[in-house]
Amino acid sequence: MADIISPLPGIFYRKPAPDKEPFASEGDRIEAGQAIGMVEIMKQFSEVRSEVSGTLERFAVEDAGAVNPGDVIAVVAE
Amino acid sequence: MTFKKLLVANRGEIAVRIIRTARELGLRTVLAASEPDATSYAAELADEVEVIGPAAAARSYLKTEAVLGAATATGCDAVHPGYGFLSENAGFARAVADAGLTWVGPAAGAIELMGDKSRARQAARDAGVPTFRGSDALTPADDADAIAAEVGFPLVVKASSGGGGRGIRLVTEARELQRTLEMARAEAQAAFGDPTVYLEQFVSNARHVEVQILGDGERVIHLGDRDCSLQRRQQKVVEEAPAPALPEPVRARILESSTELGRQCSYRGLGTVEFLYDPVSHEAAFIEMNTRLQVEHPVTEMITGLDLVREQLLVARDGRLRLNQQDVTFTGHAFEFRVNAEDPASNFLPSPGTLSRLDWPGGPGVRVDSGVVTGSTVAPFYDSLLAKLIVWDSRRDDTIARSIRALGEVRIEGVKTTLPLLQAVLSRSEVRDVVHSTKFIESTPDLLGVSS
Chain A
1 MADIISPLPG IFYRKPAPDK EPFASEGDRI EAGQAIGMVE IMKQFSEVRS
51 EVSGTLERFA VEDAGAVNPG DVIAVVAE
Chain B
1001 MTFKKLLVAN RGEIAVRIIR TARELGLRTV LAASEPDATS YAAELADEVE
1051 VIGPAAAARS YLKTEAVLGA ATATGCDAVH PGYGFLSENA GFARAVADAG
1101 LTWVGPAAGA IELMGDKSRA RQAARDAGVP TFRGSDALTP ADDADAIAAE
1151 VGFPLVVKAS SGGGGRGIRL VTEARELQRT LEMARAEAQA AFGDPTVYLE
1201 QFVSNARHVE VQILGDGERV IHLGDRDCSL QRRQQKVVEE APAPALPEPV
1251 RARILESSTE LGRQCSYRGL GTVEFLYDPV SHEAAFIEMN TRLQVEHPVT
1301 EMITGLDLVR EQLLVARDGR LRLNQQDVTF TGHAFEFRVN AEDPASNFLP
1351 SPGTLSRLDW PGGPGVRVDS GVVTGSTVAP FYDSLLAKLI VWDSRRDDTI
1401 ARSIRALGEV RIEGVKTTLP LLQAVLSRSE VRDVVHSTKF IESTPDLLGV
1451 SS
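Residue numbers (my numbering), protein chains in the order written: chain A, 1 to 78; chain B, 1001 to 1452.
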C-alpha cells in the first residue's frame, strides 16, 4: 500500500473541470506518474500524481474537499 | 425599494468594505461565509454571520441556493454581491429579485448583455463607443478567412462568454487562423459552456483605461476614468486615477460614449466600461463592460470624494441617482496597490499562512482596505488579495513619492507578499513617464523575481 500525499494546502478536485470525467476512479489501474486529481491553492492548480503503479484502492478526501500539506489523498495497492 | 438588512455575499476586503458603508447607512449586515471564513475579520465586523457551506467556493460562495437561502433565513431584504463570485451571474440576480429582495446591482438583462462579449461589442458600437476593427459572433458557416482578412493580422480570437482576459488567442498570420479557431471554440466550450467566438484587431503596447459609470435606469453619469495598465498575467496589480497622459479629446470621447452606452441599456448601479488605449495612434477602443463594483473603485473615491458603495446602495434603495454630472468634481491623483499573498521571488507562488505581524502605514492621503488583521489566517482556498493600499496626493509625482514612503512602512510577517514587486514597479522611470503598457511587468525581468 502506498499513500498519495497532498504537497499543498487547498481544495482537492477529482475532475479537471466540473463537466469532465474524473482523473481516476477507485478500482482503476494506475501507472507511476499518472495524475489522480488536482489541488487548487489560491486559484492556481497543481496536478496530484501517484509515485507508484498499482490499483487505486480508495480516495481519502472527497471531491472538492479541503486538504492540508501531508494529508493522505488516496491509497494505492502496489 | 427600501431595505434594512443587507446580505453581504462575499468575503475578504470587499466584504469589510461593504459592511462599513452599510453600517454608516444604518443597515444591519449579514455575512454569508464559508466554514473557514466564519471567523474572518469580515465576520467579526458583520452584525450576523450565516455559514453557507464548506471551503470550496463551488460549494459555498458560488452556490446560488445556499446564498439566497442565507438571505431569506436571516430576514435580509437586500443582497450585495461584491465582485467576483455571483456578482455577474444574471440567474442569481434574477433569483434575488424573484424572491422579493433588492439586488444591489444592474438588472439581470444588463448583466446578460454585457456577459456576452460579442453582443456587448455591438451595443457599444450602437452607442457610439469606439471599438476596434472586428467581427460579429462567427458561426462555423461564416467565411472566417475573408472576415479575418478584413480585420487584418495580427488579430485575436475572443470567446463571447469570456472576459477578464480569459478566452483570448492571438493569430499572427492567415494560415494559423483555422487551427486557432478550432482550438478557441473547443476551449470556449470547455471553459464557458459556449463555443461562440469573434475576431478583433490586436494592438500591441496598449494601455488599459476604463470609465466608471453610475446610473439609475434613466439617468447615467460618469465618475471619471482610471488606468489599470500595470498587470501581471492579465490581473491588475496597480491602478490609478485619473488615467495619466491621455489626450483630452480621447478622454472626453470615452467618458461621453460610456455614459451613452449606460443610457442606451437603461443601466442601473455601478458599471465599468473598459478600453484599450493605443498611445501611438491615440485611439481608445472598447474591450468589455463589467456590471459590478470594481476592485479598484477606491482610486475613484479618492479623486471624487464620493463613497461608491454608498451611491450603489442608495440607487438600489431609492431607485434614482441623487447626483448630477456637475456634482462630480475631480481633485488630485490616486494609486491603488494590491497586496497579494504570493511570493514574487518564487514565481508568485501562493503563500497562505497566519499573519504574525501586520503594520499598515499612516499619514496624510493614505488609506488601507484590508480583509485581514494581525492573527488572521490567510486560507489557501480563495483569491490571494489580502488588502489594498490606496494613496492620494494633489499631483501624480507627489502621489508616487507618497506611495513609496507608505509602501516602505508596511510590515507583514507570516506570509510572503507582493510588496517587493509594488515597490520595484513604482521606482521605474517607465511608470513615472507613462511609457509602460499592459505587458510592462511581464516583459521586464528586473521586476519578476524581486525579493525583499
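FYI, nobody ran anything at the bench for these hints, they're computed from the structure.
A portion of the hints provided could be inaccurate.
[Unchecked claim] Quick partial rundown of chain A residues pointing at chain B, CB under 7 Å, derived from the structure: (1) 7; (2) 11; (3) 38; (4) 44; (5) 66; (6) 69; (7) 70; (8) 72.
Remember, predicted model here, so these are calculated numbers, not experimental data.
Glycine included, each C-beta is placed from N, C-alpha and C at the ideal position.
We went through each hint and held it up to the structure:
{"no.": "1", "hint": "7", "in the structure": "violated, 12 Å"}
{"no.": "2", "hint": "11", "in the structure": "holds, 5 Å"}
{"no.": "3", "hint": "38", "in the structure": "violated, 13 Å"}
{"no.": "4", "hint": "44", "in the structure": "holds, 6 Å"}
{"no.": "5", "hint": "66", "in the structure": "holds, 4 Å"}
{"no.": "6", "hint": "69", "in the structure": "violated, 9 Å"}
{"no.": "7", "hint": "70", "in the structure": "violated, 14 Å"}
{"no.": "8", "hint": "72", "in the structure": "violated, 18 Å"}
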